Amino acid sequence: MKIVKSKVIAAVLATTLLYGTAMPVFASPLTTAQQAELETVQSQYDAIQQKMGEIDMEISLIADDITNIMIKIQENDSNIARIQSEIDAKVSEIAATQTRLLEKEEEYGDRLRAMYKQGNSGLLDTLLGAESFADFIARTDAIIQIAKLDRQMLDEIEAIKNELETQKAQMDASMAEVVALKEQNEASLKEFEGKQAEADVLMGQLEAEEAKIVSNLAMAELYYIGDNDDIINNSSSSDEAIQAAVNALRDIRGKIITSTTDQKVVDLIEKGKTILRQRESARQAEASKNNNSGSVNLSGTGGAVVSYAYKFLGVPYVWGGTTPSGFDCSGFTSYVYRHFGVSLPRTTGGQATMGTKVSYNDLKPGDLLFFGSGRISHVGIYVGGGNMIHSPRPGKSVNVISIKYFNFITARRIFNN
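If you want my numbering, it's the 1-based position in the sequence shown plus 4.
Simulated from the structure, these hints should not be mistaken for laboratory data.
Source: prediction; values computed, not measured.
Backbone N, C-alpha and C fix where the C-beta goes; we use that ideal spot for every residue, glycine too.
It cannot be assumed that every hint is accurate.
[Stated by the list, open to error] Result set (DSS-like, lysine-lysine): computed pairs, CA atoms no more than 27 Å apart in a straight line: (1) K94 / K165; (2) K199 / K55; (3) K315 / K259; (4) K368 / K199.
[Stated by the list, open to error] Restraint ranges, calculated between C-beta atoms of paired labels, are given here: (5) V322 / A215: 20 to 28 Å; (6) A100 / R155: 19 to 27 Å; (7) G258 / R86: 16 to 24 Å; (8) P328 / S377: 39 to 47 Å.
Take the sequences, apply the hints, and build the full model.
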């Protein structure tokens, strides 16, 4: 693809006006052919991004489900550990009860053996040794009570043993229930990961197509730069021409999609500004003119949130990730806001209940954006200019992307300033 540029920029702008001002040279507008080519490639890019956005939404639904399952599995693991601890305690209690039971049984056995050695005559002697009929009755009652107490003691111990065995059975049942639930969750996780793999295959095909389109688009977008490149790099260009080129480049940034072309524009803007500052410094050594780049002004807490979020560009997506070693979508937003003292719920759906609801047309940097198909399944942070920063999906890293490719559901403002 041929990039059209002016062949000649005057080597020296010798002709001056009455007041000595150099004649400014300005960039040429796009030709009809260039505009048509740009529109064609941009249309192709929008179409592929639309498809990728739809698949991203499907993947985000799966990712959201997987996150919820992982949280449930963690809860089950905790419950399993707790129940196992209770079972261990009950086992110890059962062992202690069984020891007491053995001691009582031994004690009772000793008594039976003593009675056996004495034979029936021992009991008979006890009864016949009574001094009166009343004493005989009393001795009979005593023997009966001793036997009852022995039996009661054994019955109580046996009841305790049965109770503990019942509790252990209940604990075992609870353990089996939680383990079964964990197995069910892990099976679901495998199922979702299978769907994820299928979606990744399709996404890979789309990304290959996107790479081709982006390459073509990046070349076509150079038409926007036009002669501004030559004007800024020409040492003979007047201040007015350079400033006009810088302004023109600022204006076209909103039209540019590819990061490579955008970076080239940013570099040219910075170079033009540097040249103008150097010239001003040469004219007025005591003063320094600081020309801002025209980027989005991120003021207030919302802007601070965006600035902090940008620190994590490139951090990979990780299932259930909540740290800079790897984030999922809600893990990323919760980590960023935690830095500012705000504790957001762990899940995307939970975060959608925080703060104040704002409309699509009232978005400000720092707002939480929620997307999905049928239900909320993805969250990002609005950075301004129709873009958001987010942790997209497995295989991707934290990046900035236009929100027009996602199915917007709602937005929440955490900070009002």
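Status of the hints after comparison with the structure:
no., hint, verdict
1, K94 / K165, "holds (11 Å)"
2, K199 / K55, "holds (17 Å)"
3, K315 / K259, "holds (25 Å)"
4, K368 / K199, "violated (35 Å)"
5, V322 / A215: 20 to 28 Å, "holds (24 Å)"
6, A100 / R155: 19 to 27 Å, "holds (22 Å)"
7, G258 / R86: 16 to 24 Å, "violated (56 Å)"
8, P328 / S377: 39 to 47 Å, "violated (29 Å)"
Hint compliance for this structure: hints 4, 7, 8 are broken, all remaining hints hold.
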